[in-house]
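Take the sequences, apply the hints, and build the full model.
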Amino acid sequence: MHNLVSALQPGDTVPNGPLPDGSTLFERRGRPIILAFAPTEWDPAQAHQSAIFARLSQEFGSGVAFAEAAPEAWHSLDYRGELAIHLGVAGQRALLLLDEEGVLRWKTVVEPGQDIRPGQVLAALQALRPEPLDAPDLAAASTEVLTGGMSRRTFVMATLAAAALLALPSVVAAAPETALPSPPPTDNRSAMLPVELNINGKSHRLQLDPRTALLDALRENLHLTGTKKGCDHGQCGACTVHLDGHSALSCLTLAVMAQGKAITTIEGLAKGDTLHPVQAAFIKHDAFQCGYCTPGQIMSASALLADQHTRHGSAVEIREAMSGNLCRCAAYPNIIAAIQEAQRA
Amino acid sequence: MHPFQYQRAESGDQAVAVVAKNPDAAFIAGGTSQVDLLKEGVHQPSLLVDVAGLPLRQITDFEGGVRIGANATNTEAAYYPAIQARYPAVSEALLAGASVQIRNMATMAGNPLQRTRCPYFRDLDQPCNKRTPGSGCAAIGGYNHVHALFGASAACVATHPSDLAVALSALDARVQTTGPRGSRTIAFPDLHRLPGTTPHLDTVLEHGELITSIDLPAFAGRSHYLKVRERASYAYALASCAVALEMDGAKIKRARIALGGVAHKPWRATPAEALLAGQQPTEKLFQAAAAAAFADAKPLEHNAYKIPMGRNLLVRALLETSGLQPLQGPAGTAFAASVGGMAGQVATPN
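These protein sequence lines are chains A and B, in that order.
When we follow our numbering, the leftmost residue of the first sequence carries the number 1, and every step to the right adds one.
When we follow our numbering, the leftmost residue of the second sequence carries the number 1001, and every step to the right adds one.
By construction, these hints were calculated from the structure, which means they are not laboratory data.
Calculated cross-link-like contacts (lysine-lysine; reagent style DSBU-like; alpha-carbon spacing at most 35 Å): (1) 261/A - 1039/B; (2) 1284/B - 1251/B; (3) 1039/B - 202/A; (4) 261/A - 1021/B.
DEER-style ranges, computed between Cβ atoms: (5) 1340/B - 314/A: 16 to 26 Å; (6) 10/A - 1058/B: 57 to 67 Å; (7) 231/A - 1085/B: 35 to 45 Å; (8) 306/A - 1058/B: 20 to 30 Å; (9) 200/A - 1253/B: 50 to 60 Å.
Some chain A residues well away from chain B (every beta-carbon gap over 12 Å; in silico): (10) 20; (11) 203; (12) 285.
Bear in mind the structure is a predicted one, so any value in this text is a computation, not a measurement.
Don't be surprised by glycine CBs; every beta carbon is placed ideally from N, CA and C.
Here it is as structure tokens:
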């Protein structure tokens, strides 16, 4: 079943499935539907997709008769939820557009670690576009069926979905020719900034709200989920990364301020299939139980061993140097043993 | 988090000009304290001017002392050889504070500018004159075990949290700034202010005034920092003290003492300093000095424990600084600065 639905292609009729409001996809037929799958633990510092969508639909659709109805078409769904599994997009950020007949018109999946490029979205829009439309056509939009079997309503929905997708924080800056009006800064939001981050030797370009912590950019925008969010206030060390070779807390680092630094995350520590000596020693000494703090512990420990002031420390000096990394499972004796082993390596 | 605009400073002068003309703008450098306060909603600037990239990171020998650039990290300063050797109180205060990660990020100018750890300051549902002037003080009638013994007012009983500031006060460091009205030098003990009726102002810095360096003046004596906290590591001081002693043969020529965790600023114990000058160091003398240091303490409902704790801590710091008692760890490390916990577990080199 999973394989079958994961092969859903534009033009396929989407099987029935439950929506969070208790209705089903089949019951919603007669109107286009946009299904947006995303992590539910969206950081409040980043605007939620549906909020972006609502804003864009207001701006894009000013004067469009059914702009008010547009938000009804939008369903924000947990990417680990039942429908995500049912439609074969579990664990992926995805946008699906279903037309009035329940036929999949458009599907875009954000693969882990990847960004959507504006070109992909525009190409999808071009493919969907039944014929050139101009603003008066949009203003007169109705359920009228255009050539190609797509209604204006569906097309406008698709355009709005694409616009929303382009506005997602993980997405590369929209090209100017998309002609989407860039909303003026208002009192309740920060202007998005282009941010270039050098992570594990690779450069990433993002559009970010300046409030975005490096931790959230890593996890939510770049899907580098090895770095963990524990307390989010600099007290637990689960989010430890290396900035220019020194351990640092990604939760207390604004992403925009990490530009120009060499950022190393737990994903970048091993050399290919060869584990870093600290990683190997953690496995050998069983230096974890639940494992949630482990990436942070390993990033602190590997920085400690690279630092001339701490690399030869005794057990008690290691404890002191590791005091910024908490372990609720209290695997501390094994963590110390692992670090001492890596010290000898 | 309240929305804000972000700008990278092009120069010190440009950063000062931008912040000075916008009352809601703030500087940001290491961000360890600032980002947390942004997340808590305690700080709500409309514009952050990032000064971390300004070329203010050098630590250099300067007029027989050391000039520490504002952007030097806490780690860089703590391990700078001339600081660790000649101003161990500074390294001890730094290394006994925060965690490695935070010390790697936090800057030397930012550390003394961190805001109080009074829990009511960070709780938006509680009144706090420091956060919202005129709203009242929840700590005075609340749970005030971490609050001030000295210099408090009817508006605020908060304490200053920085360990480093205590050491810099005892050493009479100098703060170099550039601001909307030009450059100036501020004696470190004058940088922070008492709460009075305006507890929202922590320091005498004007809006838009930027610290460019912290200068340690030439000093040939001994210095030491000692701290009591609720955990062995990575915790703020309940009480702390920094001692700087200059000897004349077997007698104390000059003693300077700053107390931490007991006031809105590092609290210089001037009665104790006066009592020590010209005297031969003995435990009895140090006990008299500690009694003098805390004679004017005004405890609140839950913090009277800090008086005997602070007195004992000061006696011990004086004994260790003068050499009458050994340090509990190598000078210039967290182990020398700690009481209990890991203190005494790392051998002091002979």
